[in-house]
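Q: Model the full structure from these sequences, guided by the hints.
Protein sequence lines correspond, in order, to chains D and S.
Everything in the first sequence is counted per numbering that gives the first Met the number 0, starting at 0 for the first residue and increasing by one.
Everything in the second sequence is counted per numbering that gives the first Met the number 0, starting at 0 for the first residue and increasing by one.
In short, the hints are calculated from the structure, not lab data.
One should not assume that every hint holds.
A short, non-exhaustive set of chain S residues, derived as facing chain D with CB atoms under 7 Å [unchecked claim]: (1) Gly172; (2) Asp376; (3) Val400; (4) Arg428; (5) Glu463; (6) Ile466; (7) Ser467; (8) Thr470; (9) Ile472; (10) Asp474; (11) Ala479; (12) Ala480; (13) Leu482; (14) Thr483; (15) Ala484.
Just so we're clear, the structure is a prediction, and the values are computed from it rather than from any experiment.
From the three backbone atoms N, C-alpha and C, an ideal C-beta is built for every residue, glycine too.
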Amino acid sequence: MIRVVLSSPESEDPVEVLLERTNEENRDSYHVQLNDRRTEVDIESLPDGSGRIRHHGHISRYYSIARDDTIQVWINGRTYSLRTIDRTAKRASDIGGGPSASALTAPMPGTILKINVGAGDSFEAHQSLIVMESMKMEMTLSAPKAGRIKEISCEVGELVEMGKVLAKLEEQKDAGTA
Amino acid sequence: MWACLECSLVRFFQRRDLGMFKKILIANRGEIAIRISQTLQEMGIRTVAVYSDPDRKALHVSSADEAYPLHGTTSAETYLRIDKIIDIAQGCGADAIHPGYGFLSENAEFAEACRKAGITFVGPKPDAIRAMGDKVIAKKLLTEAGVPTVPGWSEDTAEPDFNELKKIAADIGYPVLVKAAAGGGGKGMRVVSRETELESGLEAAQREAKAAFADARVFLEKFIVRPRHVEFQIFGDEHGNVVHLFERECSIQRRHQKIIEESPSPALTPQLREKMGEAAVRAAKAIGYTNAGTVEFMVDDAGAFYFLEVNTRLQVEHPVTEMVTQRDMVRAQILVAAGEPLPFRQEDLRQHGHAMECRIYAEDPGRNFLPATGTIDRYVPPVGPNIRVDSGVAQGSEVTVHYDPMLAKLITWSSSRRSAIEKMAWALRNYVILGVTTNIEFLHEVLTHPEHVAGKIHTQFLEEQTISSDTDIPDEALIAAALTARHGTGKGRTRGDIVAEDGDHGGPWQTAGAWKAF
Numbered sequence: 000m001i002r003v004v005l006s007s008p009e010s011e012d013p014v015e016v017l018l019e020r021t022n023e024e025n026r027d028s029y030h031v032q033l034n035d036r037r038t039e040v041d042i043e044s045l046p047d048g049s050g051r052i053r054h055h056g057h058i059s060r061y062y063s064i065a066r067d068d069t070i071q072v073w074i075n076g077r078t079y080s081l082r083t084i085d086r087t088a089k090r091a092s093d094i095g096g097g098p099s100a101s102a103l104t105a106p107m108p109g110t111i112l113k114i115n116v117g118a119g120d121s122f123e124a125h126q127s128l129i130v131m132e133s134m135k136m137e138m139t140l141s142a143p144k145a146g147r148i149k150e151i152s153c154e155v156g157e158l159v160e161m162g163k164v165l166a167k168l169e170e171q172k173d174a175g176t177a
Numbered sequence: 000m001w002a003c004l005e006c007s008l009v010r011f012f013q014r015r016d017l018g019m020f021k022k023i024l025i026a027n028r029g030e031i032a033i034r035i036s037q038t039l040q041e042m043g044i045r046t047v048a049v050y051s052d053p054d055r056k057a058l059h060v061s062s063a064d065e066a067y068p069l070h071g072t073t074s075a076e077t078y079l080r081i082d083k084i085i086d087i088a089q090g091c092g093a094d095a096i097h098p099g100y101g102f103l104s105e106n107a108e109f110a111e112a113c114r115k116a117g118i119t120f121v122g123p124k125p126d127a128i129r130a131m132g133d134k135v136i137a138k139k140l141l142t143e144a145g146v147p148t149v150p151g152w153s154e155d156t157a158e159p160d161f162n163e164l165k166k167i168a169a170d171i172g173y174p175v176l177v178k179a180a181a182g183g184g185g186k187g188m189r190v191v192s193r194e195t196e197l198e199s200g201l202e203a204a205q206r207e208a209k210a211a212f213a214d215a216r217v218f219l220e221k222f223i224v225r226p227r228h229v230e231f232q233i234f235g236d237e238h239g240n241v242v243h244l245f246e247r248e249c250s251i252q253r254r255h256q257k258i259i260e261e262s263p264s265p266a267l268t269p270q271l272r273e274k275m276g277e278a279a280v281r282a283a284k285a286i287g288y289t290n291a292g293t294v295e296f297m298v299d300d301a302g303a304f305y306f307l308e309v310n311t312r313l314q315v316e317h318p319v320t321e322m323v324t325q326r327d328m329v330r331a332q333i334l335v336a337a338g339e340p341l342p343f344r345q346e347d348l349r350q351h352g353h354a355m356e357c358r359i360y361a362e363d364p365g366r367n368f369l370p371a372t373g374t375i376d377r378y379v380p381p382v383g384p385n386i387r388v389d390s391g392v393a394q395g396s397e398v399t400v401h402y403d404p405m406l407a408k409l410i411t412w413s414s415s416r417r418s419a420i421e422k423m424a425w426a427l428r429n430y431v432i433l434g435v436t437t438n439i440e441f442l443h444e445v446l447t448h449p450e451h452v453a454g455k456i457h458t459q460f461l462e463e464q465t466i467s468s469d470t471d472i473p474d475e476a477l478i479a480a481a482l483t484a485r486h487g488t489g490k491g492r493t494r495g496d497i498v499a500e501d502g503d504h505g506g507p508w509q510t511a512g513a514w515k516a517f
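A: Put into structure tokens, the structure is as follows:
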């Protein structure tokens with residue numbers, strides 16, 4: 000049996016997918032449960048992440064890749080990005096209280112144009128922290144809420160990859176706490 | 000008949016001994032380098048690739064017969080280095096250089112440097128490149144040749160008299176467009192709708208022009224509302240022959256960047272086509288143009304056309320012309336560069352059927368078209384009759400931040416515009432690229448938009464139309480994803496029963512979700 004919980008950037012609610020072989024003779028035939036909905040499909044999957052799914056007679060060809068917890072699926076001319084999630088872990092939005100360390104990361108590969116803050120500086124919500132340029136487009140990375148810079152880990156002119164930590168931030172719970 | 004035989008004998012020996020090239024360096028990368036290399040190899044010419052450090056394993060390197068490093072990363076350190084490229088060409092004994100498009104293709108100094116080094120530059124003469132590269136000079140030359148230009152004003156000065164400009168703008172009639180003389184790609188361009196905005200618009204355009212091109216000269220012209228972009232392929236040889244290979248309509252643009260092109264244009268009547276073709280040939284003759292070039296026009300609702308600019312290179316969208324005329328543009332370029340006469344006369348050329356082209360970019364339409372990078376983990380291009388893919392990437396290719404994000408061009412041909420669109424829609428729906436986000440689905444939405452299908456297109460199309468796509472995830476996608484999470488993708492990424500190693504979803508900083516890019 001396969002049990003995977005998936006979420007997508009487009010929808011709030013995760014979907015639990017359960018796949019179970021119908022019987023041992025026909026190894027392509029599966030019972031499927033998507034949250035509360037049940038259906039039957041035939042699946043021919045290849046080890047390279049491609050295959051086809053037959054659902055009520057309709058054929059869907061698919062190709063897929065997995066990278067960390069993200070799965071990209073191409074199916075019938077459209078591409079979807081899904082994340083596998085662990086339901087037992089606390090959802091990020093549930094985490095509350097206490098100064099929590101986090102990072103400002105590069106949303107794109109590009110060059111750092113300007114750093115408007117230094118280590119130890121406090122900042123307001125929506126304040127512009129770092130300006131970067133990617134493929135001739137300038138973008139401002141601003142603060143979603145007030146906080147303090149723990150550390151700046153990039154420099155002006157530096158070429159950064161996507162996801163690189165540019166600054167470590169901490170949330171400022173009350174004025175005066177370090 | 001004797002004359003003809005003599006003629007062909009002379010040509011035969013020229014080709015064997017003197018004229019025809021034995022080895023050509025391609026000073027470019029990506030799909031165009033590969034496309035050029037293929038025709039050269041067909042002609043029995045050895046091809047030489049050059050490459051930057053990040054392109055060491057790029058597809059254009061393996062498709063050539065020889066390859067040499069340019070050492071460096073950025074375009075400025077590599078594909079734009081005239082000295083390095085000439086050195087490599089001399090070192091490996093290349094007798095010509097094909098510049099492709101972009102990079103050094105419209106650089107007169109490069110063409111000049113090739114000539115001095117005794118290497119043939121596949122393209123027009125340096126003087127023609129220089130003249131057409133300056134929009135003020137180009138417009139003046141073509142106006143003199145009787146090519147219709149947009150009513151406007153140009154003066155070779157960086158500090159125009161404002162009061163005079165105000166009078167001229169009023170004469171032309173608002174809205175007017177302020178444009179950089181050295182411009183391109185929409186930089187240094189401002190639409191001014193009324194007199195009170197003229198001064199600020201002028202200053203902004205000059206400032207941008209100075210920053211982008213180190214040249215503050217601007218010119219004024221009438222702003223044509225909702226024009227079509229229609230361009231003519233021209234070709235000249237060193238024997239005084241000039242022909243045109245009909246038009247391409249490239250009205251579907253996003254921020255002045257063409258994304259869908261076609262030939263013929265749905266807007267041209269046979270009479271208008273003939274008139275515009277004649278004007279294009281007249282333009283080419285006026286500047287003594289040799290090799291392949293493109294004369295760009297704007298066409299308004301009433302069928303009036305105005306000269307825009309001349310591109311002195313092989314265009315990105317040349318395949319649609321190749322499909323409808325059944326001629327190989329690169330082959331003709333090589334023959335002309337070798338001093339042979341053009342392989343076709345005007346009366347040999349016809350438009351057969353209809354061709355469409357879509358440019359596949361590594362960019363994310365869902366995130367304001369930000370360029371996307373990464374490894375192409377899955378690459379399955381569409382295959383079928385009359386489907387052509389000019390691709391610069393393959394499975395495993397790395398897409399980096401360093402160069403243009405165009406990955407490939409998808410071209411389809413059919414007997415009618417309608418069926419060419421249907422074939423293109425099918426091909427887009429069967430083009431698999433995973434690992435790097437692309438604009439394929441966006442192109443499909445634009446292509447199948449009822450107004451596009453009806454041929455009601457203009458350069459503001461994408462600004463005026465809403466292009467939406469449905470975001471519902473089908474059950475089959477969830478099932479496929481679940482299988483992949485379970486089995487992995489055969490690349491040593493096999494995962495556990497339920498993926499739970501990663502409990503860290505980031506702090507409140509990530510969940511705020513909006514490190515917004517403006």
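Q: With reference to the structure, classify each hint as holding or not holding.
A: So, going through the hints one by one against the coordinates:
1. Gly172: 33 Å, violated
2. Asp376: With Cβ-Cβ at 4 Å, under 7 Å, it holds.
3. Val400: This hint holds: valine 400(S) lies near chain D, its Cβ roughly 4 Å from the closest one there, short of 7 Å.
4. Arg428: 3 Å, holds
5. Glu463: 23 Å, violated
6. Ile466: Given a least distance of 15 Å, the restraint on isoleucine 466(S) is violated.
7. Ser467: 13 Å, violated
8. Thr470: Check passed: Cβ of threonine 470(S) comes within 4 Å of chain D, closer than 7 Å.
9. Ile472: 6 Å, holds
10. Asp474: Interface hint status for aspartate 474(S): holds (6 Å vs cutoff 7 Å).
11. Ala479: 4 Å, holds
12. Ala480: With a closest approach of 5 Å, the alanine 480(S) hint holds.
13. Leu482: 5 Å, holds
14. Thr483: 4 Å, holds
15. Ala484: 5 Å, holds
Checked against the numbered hints given earlier, this structure breaks hints 1, 5, 6, 7; the rest are met.
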